[in-house]
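Same order as they appear, the protein sequences are chains G and X.
For the first sequence, our numbering begins at 1 and goes up steadily by one.
For the second sequence, our numbering begins at 1001 and goes up steadily by one.
A portion of the hints provided could be inaccurate.
Unchecked claim - Some chain X residues near chain G, calculated using beta-carbon distances under 8 Å:
hint	residue
1	1031
2	1035
3	1039
4	1102
5	1158
6	1159
7	1161
8	1186
9	1189
10	1191
11	1198
12	1200
13	1206
Claimed, not checked - Taking lysine to aspartate or glutamate pairs in the EDC-like style, the calculated list, with each CA pair at most 20 Å apart, reads:
hint	chain 1	residue 1	chain 2	residue 2
14	X	1031	G	84
15	X	1031	G	89
16	X	1031	G	96
17	X	1031	G	107
No wet-lab data here; the hints were simulated from the structure.
Yeah, the Cβ is synthetic: ideal placement off N, Cα and C, and Gly gets one too.
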Amino acid sequence: MNQYSQSAVPRTAYQKIWESHAVSGDPRSRALIYIDLHLVHEVTSPQAFAGLRSEHRSVRRPDLTLAVMDHTVPTWERSRPTPDLVAAEQLRQLADNCRAAAVPLLDLHHQRQGIVHVIGPELGLIQPGMTVVCGDSHTSTLGAFGALAFGIGTSEVEQVLASQCLWQAPVPTLEIRVEGELPLGVTAKDMALAIIGRVGVAGAQGTVVEYTGSAIRSLSMEGRLTVCNLTIEAGARAGLISPDETTVEYLRGRAGSRSGRDFDRAAQAWLDFATEDGARFDRTVVLQAAELVPHVTWGTNPGMVAAVTGHVPRVRDFASEAEREQAARALDYMGLQEGTAIEEIFIDRVFIGSCTNGRLEDLRAAAAIAAGGRVNPRVRAMVVPGSQAVKRAAEAEGLNRIFTAAGFEWREPGCSMCLGMNPDVLAPGERCASTSNRNFEGRQGAGGRTHLVSPPMAAAAALHGHFVDVRTLQPAPLAGGAEAAT
Amino acid sequence: MNAFTIHQGLCATLSRDDVDTDQIIPKQFLKRTDRNDYGDACFFAWRYDENGQPRPDFELNEPIYRGATILIAGRNFGCGSSREHAVWALAGMGFAVVIAPSFADIFTANSLQNGLLPVRLESVSVSRLRERAARGGYHITVDLQRQEVRDDDGLVATFAVDPFGRDCLLSGRDPIAMALSESDAIGAFESRRPDWLPHTDGPGIV
């Protein structure tokens, strides 16, 4: 029995993690919270390391810190130095900072390099009950393990480097319950887009989300990572899923996990962090999985979603003046006419990858649609694995050959065209079906137009040159088991 | 940390909801490694045309807002990416206060860390301020001590702010120094951490 199971009031996983990490202060208002793992990348860390130097401070726990190069790295040619000298200098500074502070670094040529939110799970470094931060908003991804994981700014990165702690206040909880079974062709991505469409891009602001319900329980760890990844797009800093057997089995045998009897002991401790029956959430939203369909965003934030069988909305149908103005601006930026059928939107580019959908399961789902087909001659399509481990596993299954035979580019891992900090960008006016997480103006390149979709929907759009309902297609059976990338 | 107690300044409006940090500071400016000189890049794509000339149809380019230090913004300001560069850019453009019906969580935290005060007011109050600001030459006082926004015509609106952030701003205290002053408690906590927790210098990681 641990301290929680003795508690009279049933608790949520969030409450247990919060209370077990308060170092000092008042856990009911403002406490200093211990951080179990700090992930670092090149874009949001240089000013933090510089701040430490100027104050003559050091990194308290390099052994609880891991750095990786992902945001600006080229995904094509890596044998020569990147021609982007500003990006190269930023990468060099990360390497120097890590060397000086003895922080482990997965650099450009490391066999474990990949997107920061993809490599943490692969290495088994994210475990239930942990607190995890990173100078990146999509750190919410890692809540899939029943950890409290959230994005922070550079000043807070500096704070964690120096003290391994953060000043935090407890926040209300929002339960998002998805019951039932997802229909064929409808993915975790569609579930997440439906949730954002329902809750709104600010709807979960100021809360920690916990995803519950049978449809969430049925998701693999990779699907859970996709759902938690998009929590930030509904405004919540963190989203988590209570740990269960799926979580434990994913962690078995990973580098960061203990082995033998120590593993069983850890697994019991992990499961003790699960939300207890009868625990109360401050608010609850319920969705039925059976009603979900493949989604496509039509606008300039992830809440502007439509069913693939639906239409671009009419401005006059929005309730308030502010919403009508916002919709009109979005349609103008996106170059779309009101009332256009989603399936009649033609695309120029396809991007399959990112911390949202760059894992093995995502690539399998896309490959099953791409197999035997041919990318439409008007479309340029690229597949960017989330990590070197994903890339190796996909190649071992022959997914790369399926993609390249169909005319997709098969590239090196990184954030790539999710945010276009490397050469992978849209040209002004280009329209992209993207498995990433943000369709903000200019996100994938100045003037570029992004439609967020699931991996199979992106693959189908690549073949047809426009959006098609993936439920009407017959995915090819692929070889390979259900094991995640290791 | 920069202290903040009271600020008087000219208001400018940006009348749209859900302004994300990609708009406040586009990604091409995130490759630099310092904290300064992001002001010219703030709202880059909205502010300048393809030739680098100011777009006349962008609100903040209107001459009546020249020299503004208080931004009246829409709901969910600063959503999206955690990039603190967004706060550095707003401060670099001259802003000391942003007033909105709501702010994204990470943006709020980043603002407080940099002495840019996020003032959350009810939509009605924000609309009233916006109407007055749009006429030009509208100056207000933002008083953090009293948690109050005031103008010369008798408008008074009180706002809530995170008490810890408020204390840090009023005193100019450094949250990192405050954390480090708890090093005994941190050390004691570390000695109690379960042994199954992972380490990044363990076998098979790097």
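Status of each hint after checking the structure:
1. 1031: Given a least distance of 4 Å, the restraint on residue 1031 (chain X) holds.
2. 1035: holds (5 Å)
3. 1039: Not OK, violated: residue 1039 (chain X) not within 8 Å of chain G, min 16 Å.
4. 1102: holds (6 Å)
5. 1158: This interface hint is violated because 19 Å lies over the 8 Å limit.
6. 1159: The hint is violated - residue 1159 (chain X) has no Cβ within 8 Å of chain G, the shortest such distance being about 15 Å.
7. 1161: Interface hint status for residue 1161 (chain X): violated (12 Å vs cutoff 8 Å).
8. 1186: Check passed: Cβ of residue 1186 (chain X) comes within 6 Å of chain G, closer than 8 Å.
9. 1189: Because about 5 Å separates residue 1189 (chain X) from the closest Cβ in chain G, which is inside the 8 Å limit, the hint holds.
10. 1191: violated (12 Å)
11. 1198: holds (4 Å)
12. 1200: This hint holds: residue 1200 (chain X) lies near chain G, its Cβ roughly 4 Å from the closest one there, short of 8 Å.
13. 1206: holds (4 Å)
14. X:1031 <-> G:84: holds (10 Å)
15. X:1031 <-> G:89: holds (8 Å)
16. X:1031 <-> G:96: The given pair, whose Cα atoms are some 16 Å apart, holds under the 20 Å limit.
17. X:1031 <-> G:107: Holds. Residue 1031 (chain X) to residue 107 (chain G) sits at ~17 Å (cutoff 20 Å).
In this structure, the hints that do not hold are numbers 3, 5, 6, 7 and 10, in rising order.
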